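Enquirer: What follows is the residue order along each chain.
Number of protein chains: 2
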Amino acid sequence: MSDSRPIGVFDSGIGGLTVLRALLEALPRENYVYLGDTARVPYGTKGAATIERFAAEAMRELLSRDVKSIVVACNTASALALESLQRDSPVPVHGVIEPGVEAALRVTRGHVGVIGTLATIGSGRYEEALRLGHPEIAVLNKACPLFVPLAEEGWVEGSVPQQIAEHYLHELREAGVDSLILGCTHYPILKNIIAAVMGDGVHLVDSAVVLADAVARGLASNGSANGQSASGTLSLLVSDVPQRFAQLSQRFLGRELPEVELVDLESQVAG
Amino acid sequence: MSDSRPIGVFDSGIGGLTVLRALLEALPRENYVYLGDTARVPYGTKGAATIERFAAEAMRELLSRDVKSIVVACNTASALALESLQRDSPVPVHGVIEPGVEAALRVTRGHVGVIGTLATIGSGRYEEALRLGHPEIAVLNKACPLFVPLAEEGWVEGSVPQQIAEHYLHELREAGVDSLILGCTHYPILKNIIAAVMGDGVHLVDSAVVLADAVARGLASNGSANGQSASGTLSLLVSDVPQRFAQLSQRFLGRELPEVELVDLESQVAG
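Chains as they are written, first to last, in this note's numbering: chain A, 576 to 846; chain B, 576 to 846.
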């Protein structure tokens with residue numbers, strides 16, 4: 576049994592390409608449609624109702640491409656909209672919160688830090704998921720709003736990013752967290768600087784690899800993986816193509832890009 | 576003769592409140608409708624076609640509120656969309672580029688720096704407008720993408736903003752520009768740090784005051800100012816209300832906010 580329909584991957588912009596990268600490594604034979612809502616990026620500074628509406632529009636676009644499952648490769652959309660997406664979708668929808676929590680629980684000795692956007696941290700979803708069944712775990716949350724623009728600017732080393740990271744992370748370090756969830760798809764781009772500020776012995780938890788495992792298990796369990804002999808394809812949809820798109824995307828995906836197709840998420844009739 | 580219809584003021588988000596502030600000071604008897612496209616902010620990192628579409632949608636919303644004129648209080652939208660807005664609008668449309676250029680030409684000794692978003696600087700509009708009729712003027716442009724998130728984060732003093740400003744501005748200082756156009760409505764929030772990096776003797780040109788003069792002249796010339804005895808009103812429309820909206824808005828406007836109304840710019844039928 577096999578299913579050659581693509582896996583839909585959705586992010587507010589290009590940060591989710593770090594998740595796509597892990598999926599391409601774990602499941603190279605699958606076909607992918609990646610959708611970045613680059614016209615309305617970022618989501619992480621916006622309100623819950625807006626994020627939920629944007630995510631629903633993105634899901635409709637992916638469903639119109641006949642995807643067999645959807646990966647919400649955006650922590651903000653996963654934190655604020657996953658339940659409503661799962662309720663309304665005819666195909667399985669995977670978020671990035673649960674895999675990150677699962678990965679943190681594997682390594683922590685009991686004190687977990689979580690960093691993310693204002694909306695993700697404000698939602699409390701990580702804390703809720705970490706403490707579900709593990710009420711003894713201490714959780715310390717911190718929103719880091721400048722990390723996304725720093726990563727998009729490609730300013731990932733030197734004194735300025737170091738000081739910004741110090742500004743956001745010193746409390747977490749001083750509180751003695753032993754594991755830190757990188758709760759935003761942009762943050763792996765800043766991993767070196769975050770590791771330097773947190774110091775040795777703090778596990779940095781990047782949910783992309785654990786998520787890819789979860790997607791692989793899902794495909795295996797319902798026999799919907801693509802045929803073994805297939806070699807996968809990749810389509811890239813965006814709602815805006817800024818000047819520096821190709822340059823940015825290569826930084827996040829780590830390979831040459833396919834041609835991009837421009838889509839209008841706003842013209843869809845609600846339904 | 577008098578005209579009590581409101582003046583519509585439009586920005587990608589809340590940066591334009593610095594322009595509204597100057598309008599409220601110069602023309603306190605006018606009624607205002609301010610529209611911030613907070614669901615899709617920022618515009619400055621996005622492509623020309625997207626910015627033009629967003630600006631057209633904002634203009635339609637303001638026209639539906641029976642405004643007598645429109646102020647595009649966003650340098651990115653002014654740089655990329657002013658011509659099409661003016662072509663399609665039945666009422667006068669003012670941008671912030673021309674007033675900034677006019678103000679710079681009054682003070683410069685011949686070497687002007689321009690800072691703005693990636694889209695504004697990429698458009699070349701400031702340079703074009705500065706050199707029109709003044710081909711002898713030297714113009715040096717620099718995009719400063721992190722200034723907007725810094726201003727929104729309220730991180731306007733200390734070593735980090737200082738170093739970021741130094742990173743973007745040192746070339747302009749070393750080249751000897753004598754006047755610097757703050758080509759983004761967020762930048763007045765960072766004025767102290769920009770002034771410190773540029774040093775004494777460099778004029779910082781903030782277009783808000785000159786724009787307010789231009790709007791006042793426009794109203795006077797066609798007899799459409801509001802009656803002298805009137806005291807003005809202010810309505811605030813936004814496409815998203817993030818958690819920290821009130822806090823941010825007060826930083827930019829410098830006074831208590833009226834109640835905000837949520838609008839959906841995307842549901843409008845084109846035409």
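FYI, nobody ran anything at the bench for these hints, they're computed from the structure.
Keep in mind that a hint or two might mislead.
Any copy will do: because identical chains look the same in the list, a pair fits if it lies in one copy or spans two.
[Said to hold, decoys possible] Derived SDA-like pairs: lysine to any residue, alpha-carbon spacing no greater than 20 Å straight-line:
1. K717 - F820
2. K766 - I712
3. K643 - V714
4. K717 - D663
5. K717 - E632
6. K717 - Q822
7. K717 - G793
8. K717 - R596
9. K766 - H709
10. K717 - R819
11. K643 - L832
12. K766 - G751
13. K766 - G697
Quick caveat, the model's predicted, so the values are computed rather than measured.
Enquirer: Run every hint past the structure and note whether it holds.
Expert: How the hints compare with the structure:
Proximity of K717 and F820 under a CA criterion of 20 Å is satisfied inter-copy only: 19 Å between copies versus 29 Å inside one chain copy. Taking the shortest Cα distances, K766 and I712 never come within 20 Å of each other, neither inside one copy (24 Å) nor across copies (45 Å). Proximity of K643 to V714 under the C-alpha cut-off of 20 Å is found in neither arrangement, the shortest distances being 35 Å within a copy and 54 Å between copies. In this assembly of identical chains, K717 and D663 lie within 20 Å of each other by CA distance neither inside one copy nor across copies; the values are 31 Å within and 46 Å between.
Taking the shortest alpha-carbon separations for K717 and E632, neither the intra-copy value of 29 Å nor the inter-copy value of 36 Å comes in at or below 20 Å. Proximity of K717 and Q822 under a CA criterion of 20 Å is satisfied inter-copy only: 19 Å between copies versus 29 Å inside one chain copy. For a Cα distance limit of 20 Å, the shortest separation of K717 from G793 qualifies neither inside one copy, at 32 Å, nor across copies, at 49 Å. For a Cα distance limit of 20 Å, the shortest separation of K717 from R596 qualifies neither inside one copy, at 26 Å, nor across copies, at 33 Å.
Taking the shortest Cα distances, K766 and H709 never come within 20 Å of each other, neither inside one copy (27 Å) nor across copies (48 Å). Within a single copy, K717 and R819 get their C-alpha atoms only as close as 30 Å, which misses the 20 Å cut-off; across copies the closest is 15 Å, which meets it. In this assembly of identical chains, K643 and L832 lie within 20 Å of each other by CA distance neither inside one copy nor across copies; the values are 23 Å within and 47 Å between. Taking the shortest alpha-carbon separations for K766 and G751, only the intra-copy value of 19 Å comes in at or below 20 Å, while the best inter-copy value is 38 Å.
For the homomeric pair K766 and G697, neither the shortest alpha-carbon distance inside one copy (23 Å) nor that between copies (30 Å) is at most 20 Å.
Figure legend: structure checked against the earlier numbered hints; hints not met, in rising order: 2, 3, 4, 5, 7, 8, 9, 11, 13.
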